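Protein chains: 2
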Amino acid sequence: MIKRLCIIGVGLIGGSLARALKATGACGEVVGYGRNPEALQRALELGVIDRAESDIAAAARGADVIVLGVPVGAMEAVLGELKPHLEPQTILTDVGSTKGSVVEAAKRVFGTLPPRFVPGHPIAGTEQSGVEASFAELYRQRRVILTPDAATDPEALETIRLMWQQTGAEVIEMPVAHHDEVLAATSHLPHLLAFTLVDTLARLEDHDDIFRFAAGGFRDFTRIASSNPQMWHDICLNNRDALLKMLQRFSTELGTLARAIEGGDSEAILATFQRAKSARDAYCEKNC
Amino acid sequence: MIKRLCIIGVGLIGGSLARALKATGACGEVVGYGRNPEALQRALELGVIDRAESDIAAAARGADVIVLGVPVGAMEAVLGELKPHLEPQTILTDVGSTKGSVVEAAKRVFGTLPPRFVPGHPIAGTEQSGVEASFAELYRQRRVILTPDAATDPEALETIRLMWQQTGAEVIEMPVAHHDEVLAATSHLPHLLAFTLVDTLARLEDHDDIFRFAAGGFRDFTRIASSNPQMWHDICLNNRDALLKMLQRFSTELGTLARAIEGGDSEAILATFQRAKSARDAYCEKNC
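Chains B and V, in that order, are what the protein sequence lines are.
Residues 1 to 288, numbered by our numbering, are exactly what the first sequence covers, in order.
Residues 1001 to 1288, numbered by our numbering, are exactly what the second sequence covers, in order.
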């Protein structure tokens, strides 16, 4: 039971966490803080938070757990603002899509990753954003990755693990670098490709006609291109190395396939498509 | 009313057409022909066809309309087999995803595009294939593109237009080259990217772990990578020029974006993502 939960940045992710914990009675008061007063007011009206604070010191006061739900590019600034107001009992966690950059930001602010800061990332979301899009079931049967280090306080880790488990999620621990590589491959690169494809098409002369004839495959493939540009800008810059490395691998393979198509190399084209279909079908058996 | 409809290749597309026309009483007998006797037997058992023929001459006999539902790579061979058995009243159409290559195949077989051959392409489908996956509603509110030429028989064109309208589809005419460019952009390139992404990930050392942490965005983005490899091999080779041209544009834009990420050019990254989100949201308002 978290008696007082403070959420910094009450959007889709933070809002859904608050809703899920309230629904199971796993937390007492939920305090919200954010830079947008209207969004905070909306969160209050929706019952996602119990109290809205426009002052970060008031928001942090007496909190058992503070969840940082801001875009990863804003983490360092928010940690800096929070630092003077953190109380000894308070456990800190975040929901950022990149973990290396958040740990680095914490080190710049605190000199080291504080033992009671448990970096985290729920692998869940939709292309929507904002508290209006939040819902209590977002984390059910999803996975949450925590990336503690050797100095992390075991009690803090256990509290954050339990918090996520109570939303219906499976909690997994892994090293920071591995998290960033895995997410570059399965999330950051696909978003980059979807944004790029839609932009490429939007810049064609006859783009209206082109979108008119797009079918269901296109709709699903490009869903993630409706995601929040600022958030994804932050992610790209905050997981730059792993993302560019994965993009390089992808581009090399795309170039190889282009040459196979140009040269009419049926065997190579079929082999690629068959490997992809097998892998995707196997993935889907467990996850679709 | 089509008294006798012959479908060459009774899979998802041909099977769904037969189901839709039967459901509205828009056709009489449906005759199926295909190379796989078991699939044909299954189509018969499912009531998708009324008669299965293992001989193409018997299948074509007395047909008012023959629909070619085979992969585009098989069109020329099938047209060659059909040629001696075509009767004067018979109207021919196809459902191939590429139109330039089908028209070229027809010209090689007949010397010219026959006036009673109306090239067509229903912009519909799923990642499934085979007659078991067919359903009568597949074409409802979807678009069907026809690419007749100046010599196309108006009565044949009208028959095929009415046939598709009776499945609930909107029928549009456009030039062959324009069809192939539009489809390269909205369908063929996305499939290529999805196949390539999944294959790139499947070839990573820790691919099991990587797929384990893929979320909903990945699932939707890669749905089309579960599509039929042979069919997509055929499409890539049969729309090679338009596809490679579009791929080149995409790769150039992807390279530009990679350099922006490498150089931390926030403005360029945000501009790309914002243009893409606007275009995708506008598309989705009409099509999601």
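Any given hint could be a false lead.
Derived lysine-lysine pairs resembling BS3-like cross-links, with alpha carbons at most 30 Å apart [unchecked claim]:
(1) V:K1003 with V:K1083
(2) V:K1003 with B:K277
(3) B:K22 with B:K3
(4) B:K245 with V:K1083
Covered by chain V, according to a simulated footprint, are these stretches of chain B (three or more residues, beta-carbon under 8 Å) [as the list claims (entries may be wrong)]:
(5) 189-196
(6) 216-222
(7) 244-250
(8) 264-273
So, partial list: chain B residues that the calculated Cβ filter (under 8 Å) puts toward chain V [stated by the list, open to error]:
(9) I56
(10) R143
(11) T186
(12) D199
No wet-lab data here; the hints were simulated from the structure.
Quantities reported herein were computed from a predicted structural model and do not represent experimental measurements.
C-beta atoms are modelled at their ideal positions from N, C-alpha and C, and glycine is treated no differently.
Hints and how they fare:
A threshold of 30 Å between alpha carbons decides the hint, and for K1003 of chain V with K1083 of chain V the separation of about 21 Å falls inside it, so the pair holds. Note on K1003 of chain V and K277 of chain B: the hinted pairing is violated, with a Cα-Cα distance of about 39 Å set against a maximum of 30 Å. Restraint check for K22 of chain B and K3 of chain B: satisfied, since their Cα atoms lie roughly 11 Å apart, inside the 30 Å limit. With a C-alpha separation of about 53 Å, the suggested pairing of K245 of chain B with K1083 of chain V is violated against the 30 Å cut-off.
Counting residues of the segment 189-196 of chain B whose CB lies closer than 8 Å to any CB of chain V gives 8, so the stated coverage by that chain holds, three being the minimum. With a cut-off of 8 Å between beta carbons, the segment 216-222 of chain B has 7 residues touching chain V; three or more are needed, and the interface restraint holds. With 5 residues carrying a beta carbon less than 8 Å from a beta carbon of chain V, the segment 244-250 of chain B meets the three-residue requirement, and the given coverage holds. Requiring three or more residues with a Cβ within less than 8 Å of a Cβ of chain V, the coverage given for the segment 264-273 of chain B holds, as 6 such residues are present.
Violation of the interface hint for I56 of chain B is found here, the shortest Cβ-Cβ separation to chain V being roughly 25 Å, above the 8 Å cut-off. About 6 Å separates the beta-carbon of R143 of chain B from the nearest beta-carbon of chain V, less than 8 Å, and the hint is met. For T186 of chain B, the interface hint holds, the least distance from its beta-carbon to any beta-carbon of chain V being 4 Å, beneath 8 Å. For D199 of chain B, the shortest C-beta to C-beta distance to chain V is roughly 4 Å, which falls under 8 Å, so the interface hint holds.
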